[in-house]
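Asker: Line by line, the protein sequences are chains X, L and Z. Each residue of the first sequence is one higher than the one before, starting from -5 at the first, in my numbering. Each residue of the second sequence is one higher than the one before, starting from 85 at the first, in my numbering. Each residue of the third sequence is one higher than the one before, starting from 13 at the first, in my numbering.
Note that these hints are calculated values from the structure, not bench results. Any given hint could turn out to be false.
[Unchecked claim] Simulated crosslink set (BS3-like; lysine-lysine; CA at most 27 Å straight-line): (1) K96/Z <-> K64/X; (2) K100/Z <-> K64/X; (3) K181/X <-> K121/X.
Okay, here's what each chain looks like letter by letter:
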Amino acid sequence: MTAMLHVKDLRAYYGQVQALHGLEFELQEGSLTTLLGANGAGKTTTLRSICNMIRSTGSIEFEGKKLDNKSTESIVRLGIAHVPQGRGTFTTMTVEENLQLGAISRKDTKAIGDDIERMYAHFPVLKQRHTQQAGTLSGGEQQMLAVARALMLRPRLMLLDEPSFGLAPLIVRDLFKILGKINREDKVSILVVEQNAQLALELADKAYVIETGRIVMSGTADEIANNEDVRKSYLGY
Amino acid sequence: MSTVQDVSAAPAVAAVPKKAMALGPLASLIILALLIVTPLFVKNFIIFQMTMWLIYAIAVLALNILTGASGQFSLGQSAFYALGAYTSAILMEHVGVNYALTLPVAGLVCFIAGFLFGLPALRLSGIYLALATFALAVAMPQLLKLGVFEHWTGGVQGLVVTKPDAPEILASLGLKVSQDMWLYFFTLAVTILIYILSVNLLKSRSGRAMMAIRDNEIAASAMGVDVSLYKTLAFGVSAGITGVAGGLGAIAVQFVAPDGYTIQLAIALFLGMVVGGVGWLPGSLAGAAFIVFVPNIAEHVSKGLSGAVFGVILIIIIFLLPNGARQLAYLAQGLIGKLRKH
Amino acid sequence: MELFTNQVLAGIATGAIYACMALAVVMIYQAIDHLNFAQGEMAMFSTFVAWQMMQWGIPYWGAFALTLIFSFVGGIVIERALFKPLAKAPVLTHVAGFIALFAIINSVAGLTWDFTIKQFPSPFGSSPFLGSQLISTHQAGMIGVTIILLVLLFIFFRYTRVGLAMRAAASMPESARLVGINTSWMIALGWGMAAAIGSIAGMLIAPVVFLEPNMMGGVLIYGFAAAVVGGLTSPLGAVIGGFLVGVFENLVGTYIPGVGNELKLPIALALIITVLVVKPNGLFGRAIVKRV
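Please work from the sequences and hints to get the whole structure.
Answerer: Spelled out as structure tokens, the structure:
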């Protein structure tokens, strides 16, 4: 397997404040990789740097292409779908329009209708609500919509920022099941950032731990889950 | 790499730290000294222009309190300016009140008018509030022309206001002070008074409440700030100060007429605020200078294209200083700080 | 009763002017989230360009089409040159930019074509429409064009991918970038379209109010008012708002004693504020439902 995403010496800044201090990691094609870490460790910043939504230095390579000087929208067009924190729902538009927007940069317009139907199969609740204003959906429904919208791009890589945030545990289970299915069946590589370490480690095959802007640990999900320190700090047992 | 603004809805006005709303003591003293000394060496006409400059500075400052501190936006300040001007003029010419005493009355009348206007405006925000205040500005000259009030307002003709003399006590002390000079210093005194009061208002509990509303209305109300009260209060205070400026303006120009207070005046005051730096009180002085002097400069450069020249100057200013004169002051401050270190 | 119907008809005729301008206002608002105070002046300038082309002997529809293209490109150029660099500046700075643009266009037009009023032809003629003395064929044509424009805009925003992308870019710029929309060009496109629609409004209005640099001042205010009454997010609302404002203005002038031409505008604006106080999103604007 070759690495799909290479991140080297990534440093990011919020104004004068440095949030990432030379982060390095990679993601294999087809894998589901997770970045773990406490609040403020730099997880979200890492995802935002990949999509060039924040000032950063270092090198980020996706399928052999450098992303450093590309605009957010052209990075997305390479096949990287980003589900941001807060879900980025187009609140004033309908559920269906949200899905169409997910596919807005695609050239193969004919297949979009079928893909929308596929999303409704993954997430039946979205079909029930397809004419409803997206802002009126519940938190869990909005998160499903956000994932579905990202998939409408037919991405090669999907970046997920705290998908479990603010959701009831049962809904989180469902959502993660679907993510696993998408990863296996649709061959979408996934990089997921999570505070809910236990759940993320069950799902992922590879994991990194971030502390104050640096990678402090890496390994397969099992290795990380069995690590003493991780267990104490992140899993709580 | 590029930066991207946060998704959350940014407030219309960039937050200004409380301290940064005023100038340091040294800078204040230098400016004050210049304001006192300059008129002693220039011609009467220039003194008159400087008087108008201070008057507009008061009006811009009033708008700054409304927009900069409470985050509301008004294109209708000319209406309150007109109300203040007419209040002073009518009191002086019909009732015979001393000019200085008309100013507090003008301020009070406008405070009440602004407070009342602020009540329905509470339900409006952003563009809608701009349109509502704009309507007020458009309506005001027409209302002043109404036949019903003609006995008091003089209708379309307006009213002539007597220019006050310097107090006799100055003459008895052997000082020869011209009317223009006296009016200038009188205006300067009023300006300083209003400036100090405004700075203190913004530092007070009420000022903090207003700024909390500007930054996040929901959070402010959750903290127990009476949002409606402070928003209307901000309108009232702003209108009251504008009214005092209007009264002074009437005295300085010696004339009030409906067409002197059109929407163009409101737009000019708005531009003054932007050029000076929204929410930065000393910027009012810079903004007012822009209103008073730039149209003259534009006229001077090209008669036929004065509008275009004005527009181009305005664009250059907002390109170089999108945050107005405040930005310049910060730059200077940074520079001085660096020089001191060396 | 006949007086009433007549006044309503006349109101609809003037309302068409406001409706047309309001459409341009809504268009730019959709794209950039601001009201462009220079919109009227841009429309006026476009109309002068059309007039100039006709003076050079180009037939009406040729000049019309060329003016549309000129305005579309001009709108994009203005955005790229003036407002793109200001993208990160505070909102109030933008408003100052609009005012500067207003002053520049007005002054340049005045110098180029002077301030004397000029006749501008109507493609529909000015004979009575269907025998009615109150509504001319030009006014009827104007209502027709407004409705066609409205339908086209509706289709554009609702059913085309570019329209959807423009709406997305305007309402949630960051999310729009994350689905691959080039938001910066969407804004430029919005400016171009607004300028083109404005130029149509200008060319339709000019035969009624006569062509001169200050011709759009009053019209733009009513256009804003109409757009705001209708709800700034709704092209249909803007058109209905335009007709409502036109009819209301006429009825007030007819039935309320002592209301001359001078007081018409303040009263129309007072009505608008009343509407807004009761319905802050306008009559047809979509209330944004949000979970907090």
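Asker: Compare the structure with each hint and give your call.
Answerer: Cross-check of the supplied hints:
1. K96/Z <-> K64/X: Distance of about 19 Å is within 27 Å: holds.
2. K100/Z <-> K64/X: holds, 19 Å
3. K181/X <-> K121/X: holds, 24 Å
The earlier numbered hints are all upheld by this structure, with none contradicted.
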